[in-house]
Structures are given as structure tokens and as C-alpha cells.
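Undergrad: What follows is each chain in one-letter form.
Number of protein chains: 2
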Amino acid sequence: MDVVREPRQDRSRATRQRLLEAAIECLAEVGWSGSTVAVVAERAGVSRGAAQHHFPTREDLVTSAVEYVSQERLARLRELAVDLPSGPGRTQAVIELVEHMYTGPVFGAAIHLWVAASADERLRERVLVLEARAGRETHRVALELLGVDESVPGVRETVQATLDLARGLGLANLLSDDSRRRAKVLRQWARMLDASLTSGS
Amino acid sequence: MDVVREPRQDRSRATRQRLLEAAIECLAEVGWSGSTVAVVAERAGVSRGAAQHHFPTREDLVTSAVEYVSQERLARLRELAVDLPSGPGRTQAVIELVEHMYTGPVFGAAIHLWVAASADERLRERVLVLEARAGRETHRVALELLGVDESVPGVRETVQATLDLARGLGLANLLSDDSRRRAKVLRQWARMLDASLTSGS
Chain A
1 MDVVREPRQD RSRATRQRLL EAAIECLAEV GWSGSTVAVV AERAGVSRGA AQHHFPTRED
61 LVTSAVEYVS QERLARLREL AVDLPSGPGR TQAVIELVEH MYTGPVFGAA IHLWVAASAD
121 ERLRERVLVL EARAGRETHR VALELLGVDE SVPGVRETVQ ATLDLARGLG LANLLSDDSR
181 RRAKVLRQWA RMLDASLTSG S
Chain B
1 MDVVREPRQD RSRATRQRLL EAAIECLAEV GWSGSTVAVV AERAGVSRGA AQHHFPTRED
61 LVTSAVEYVS QERLARLREL AVDLPSGPGR TQAVIELVEH MYTGPVFGAA IHLWVAASAD
121 ERLRERVLVL EARAGRETHR VALELLGVDE SVPGVRETVQ ATLDLARGLG LANLLSDDSR
181 RRAKVLRQWA RMLDASLTSG S
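Protein chains in written order, with the UniProt record's numbering: chain A, 1 to 201; chain B, 1 to 201.
Where hints are given, some of them may not hold.
Since the list gives no way to pick out one identical chain from another, each pair is judged satisfied if it fits inside one copy or across any two copies.
[Stated by the list, open to error] The calculated lysine to aspartate or glutamate pairs, modelled on EDC-like cross-linking and capped at a C-alpha distance of 20 Å, are:
hint: 1; residue 1: Lys184; residue 2: Glu79
hint: 2; residue 1: Lys184; residue 2: Glu150
hint: 3; residue 1: Lys184; residue 2: Asp149
hint: 4; residue 1: Lys184; residue 2: Asp120
hint: 5; residue 1: Lys184; residue 2: Glu121
hint: 6; residue 1: Lys184; residue 2: Glu67
hint: 7; residue 1: Lys184; residue 2: Glu96
hint: 8; residue 1: Lys184; residue 2: Asp10
hint: 9; residue 1: Lys184; residue 2: Glu125
hint: 10; residue 1: Lys184; residue 2: Asp60
hint: 11; residue 1: Lys184; residue 2: Glu59
hint: 12; residue 1: Lys184; residue 2: Glu72
hint: 13; residue 1: Lys184; residue 2: Glu25
Rather than coming from a laboratory, the hints here were simulated on the basis of the structure. Remember, predicted model here, so these are calculated numbers, not experimental data.
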């Protein structure tokens with residue numbers, strides 16, 4: 001009905017993107033068992049046939065969705081990082097930024113996928129590939145933003161601990177708003193991180 | 001068929017316990033959607049009617065199971081703590097002990113429940129009560145084992161960060177054996193913890 005007609009390729013890309021975003025919303029709200037291709041297609045306002053053309057199975061749709069949003073989040077993290085302060089306060093600003101990746105609906109969706117994969121061999125293999133890549137990239141971005149050198153003993157593990165802590169805090173936030181407690185823990189963590197990264201211990 | 005007959009009360013308690021243990025196994029293996037009272041009853045070798053007498057709904061069964069094993073784990077943690085070394089090395093031994101609570105099938109079961117609760121209002125309320133209690137108790141045990149004083153600024157948040165980190169590491173371990181990486185992160189964490197708790201920062 002649109003007067004301006006999109007070229008077919010753009011239309012196809014837009015359909016795909018709507019499906020990916022609807023899959024994330026759906027996963028975060030009703031979990032894996034409720035997120036079938038048909039349900040996601042309806043939410044996206046896309047016909048079931050068109051949805052299946054893009055994503056033949058739920059595994060394809062959901063893993064693509066989580067990968068897509070992970071990439072988007074990393075890109076956004078890099079953008080926001082441009083405005084970070086240098087000097088004192090930077091560490092805390094960095095870990096708050098990183099923590100944002102582990103709160104909100106996108107992390108909610110990822111955790112549903114993760115947990116579904118733990119009970120499903122075939123899905124697990126796909127999710128492991130995805131998570132290994134996302135983990136490496138997030139680690140690299142965190143190193144860059146903190147401005148630290150991984151060849152110094154302990155630095156690699158300290159940055160890993162930061163990401164593991166961020167994930168644990170994200171999990172604690174899943175059932176109820178945990179932001180006040182989280183803010184205090186992150187402040188303390190920033191202090192410990194500064195002490196550890198400057199002493200090189 | 002047993003020659004020695006158990007008193008009715010003991011039999012009832014044993015049935016209940018078999019159901020709780022089967023619920024944990026079931027939850028860890030097939031997740032929330034597959035863990036109905038009927039499925040768990042069958043796994044436990046208990047009639048569906050008897051199972052429903054103990055636990056009228058799946059919510060009752062699964063939340064009771066997670067609460068039961070959380071209590072068991074805490075009791076076990078206190079037992080094991082008796083043999084912990086004092087002096088150097090104690091911090092690492094404590095956090096390794098704490099970390100054990102977040103790996104293995106019990107944590108797998110709890111996370112399935114947790115994630116199911118995030119998409120189910122009624123279940124969420126029950127799980128929040130449960131988690132608040134378990135969280136407080138785990139925090140208290142961690143304080144005791146580390147031998148630290150929460151009235152010192154920063155100590156409370158440092159201990160909370162330890163438990164959040166443990167949860168994040170547990171989550172990372174859900175899909176594949178992550179124990180080598182985890183051991184390194186925990187060693188580094190023990191060093192940072194010792195530095196932070198002795199400096200009081």
C-alpha cells in the first residue's frame with residue numbers, strides 16, 4: 001500500500017531485522033518454549049511463510065537474533081566509549097558501560113537461549129560457537145576501554161573476572177530491579193580493579 | 001514387600017525427599033517446561049497421586065526442591081569449612097568452596113527455575129522470597145568463612161561481588177566445562193580479595 005516502494009532487497013533486509021527484534025522481545029518475555037517461528041512472525045507482522053524463508057527453524061531464528069543483538073550492543077559500546085572520561089573515574093565509567101550489556105531485555109533473551117541450550121544438545125553446539133565469539137570480542141573491547149595490557153600477569157584474569165561479575169550481576173537483576181545494590185558493588189569493584197591494575201598484581 | 005516396615009511418617013518423608021531430588025535432576029536435564037509433577041513422580045518411582053499429595057502443583061514441587069537443595073548445600077558448605085586452612089591460602093580455599101555452590105546440577109536446576117520465573121509473574125514472587133533468603137544465608141556464611149567484619153566500609157560490597165562473580169562463573173560453566181579458566185579467575189580473585197580485605201579499601 002506504500003506509495004514509496006522499497007527495492008526488494010531493502011524490504012527483505014527490513015523484514016529480517018523486524019523478525020530478529022521480535023525474536024528478542026519474545027524470548028525475553030515468554031522464554032524459549034513460547035518463541036516459535038510462528039509466534040515471532042505474528043509479533044513482527046510478517047507472514048509465517050516469509051519468516052520461514054528467512055529462518056527455516058526456531059534455532060536459526062533465535063540464534064541469529066541473539067548474535068545480531070550482541071553485535072549491535074558491542075557496536076553501541078564502542079560508540080559510547082568515545083565519551084568516557086580519562087583519568088580517575090574512567091574505570092568505574094567503563095565497568096558501568098560494560099554492565100549495561102548484561103542488564104535489560106537483550107541479556108534476558110540471551111539467558112533464555114543459554115538455559116534452553118543447556119538442555120538441548122543440538123542447540124548447545126550452536127550457542128557455544130556464538131558465545132565463544134561474543135566472549136572474545138567483549139573481552140577485547142573491555143581491554144581496550146580499560147587501557148590495560150594483557151601481557152602483564154594477572155591482567156587477563158582480572159578482565160575476565162570483570163565480565164564474569166557483570167554476568168552474575170545481570171543474572172541477579174533478572175527477577176527484580178537490583179540496580180541500587182549493583183551500583184554499590186560496581187563502585188567497590190572499580191576500586192579493587194584500579195588497585196589491582198596499577199599494582200600489576 | 002519389605003520385611004522391615006518403615007513407620008508411615010518416615011515413609012512419607014522418604015517419598016518427599018525422593019520427589020525433591022528427582023525434581024532437581026529433571027529440572028537440570030530438561031528444564032522447567034519438561035518438569036511436570038507427573039514426569040518427576042515417574043522419575044522418583046512415586047505414583048502421581050502420592051506426588052500430588054505432597055506437592056499439588058509444579059510450582060510447589062520445584063520451588064520446594066530448589067529450597068531444599070539450597071539448604072543442603074549451605075549445610076554441606078559449613079561442614080566442609082571446618083577443614084579449611086587458616087592463614088595464607090584460606091581466602092582461595094573459601095572462594096573455591098563457595099564456587100562449588102554455583103557449579104553442577106543443583107545450580108543448573110536453580111537457573112532453570114530462575115529463568116522460568118522471569119517469564120511467569122506468579123512463579124517470580126515465590127522465587128524472589130526463596131532467593132532473598134538463600135542470598136542472605138550465603139552472604140552470612142561467606143562472611144564467616146572469610147573471617148571479615150562487615151562494619152568495615154567496602155567489606156559488604158566485596159563479599160557481595162564475590163557471590164555475584166561466583167554466579168557469573170557458574171553461568172559460564174552451564175554450557176561447557178569451564179573449570180580450567182575458572183580456576184585461574186578464582187586465583188586472581190583471591191589475590192584481589194586479600195589485597196582489598198587487608199587494606200580495608
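Undergrad: Hint by hint, note whether the structure agrees.
TA: Now for the hints, and whether the structure bears them out:
With identical chains, the CA atoms of Lys184 and Glu79 are never at most 20 Å apart, being 25 Å at best within one copy and 31 Å at best between copies. Proximity of Lys184 and Glu150 under a CA criterion of 20 Å is satisfied inter-copy only: 14 Å between copies versus 27 Å inside one chain copy. For the homomeric pair Lys184 and Asp149, the shortest alpha-carbon distance between copies (17 Å) is at most 20 Å, but the shortest distance inside one copy (27 Å) is not. With identical chains, the CA atoms of Lys184 and Asp120 are never at most 20 Å apart, being 37 Å at best within one copy and 29 Å at best between copies.
Taking identical chains as interchangeable, the C-alpha atoms of Lys184 and Glu121 are never at most 20 Å apart, the minima being 38 Å within one chain and 27 Å between chains. Taking CA atoms no more than 20 Å apart as the test, Lys184 paired with Glu67 passes in neither setting, with 31 Å inside one copy and 28 Å between copies. Taking the closest pair of Cα atoms, Lys184 and Glu96 come within 20 Å of each other only inside a single copy of the chain (11 Å); across copies the shortest separation is 24 Å, beyond that limit. Taking identical chains as interchangeable, the C-alpha atoms of Lys184 and Asp10 are never at most 20 Å apart, the minima being 45 Å within one chain and 47 Å between chains.
Taking CA atoms no more than 20 Å apart as the test, Lys184 paired with Glu125 passes in neither setting, with 37 Å inside one copy and 25 Å between copies. Taking the closest pair of Cα atoms, Lys184 and Asp60 never come within 20 Å of each other, the shortest separation being 39 Å inside a single copy and 34 Å across copies. With identical chains, the CA atoms of Lys184 and Glu59 are never at most 20 Å apart, being 38 Å at best within one copy and 33 Å at best between copies. For a Cα distance limit of 20 Å, the shortest separation of Lys184 from Glu72 qualifies neither inside one copy, at 28 Å, nor across copies, at 30 Å.
Neither within a single protomer nor between protomers do Lys184 and Glu25 lie at most 20 Å apart by alpha-carbon distance, with minima of 29 Å and 36 Å respectively.
Hint violations for this structure: numbers 1, 4, 5, 6, 8, 9, 10, 11, 12, 13, all remaining hints satisfied.
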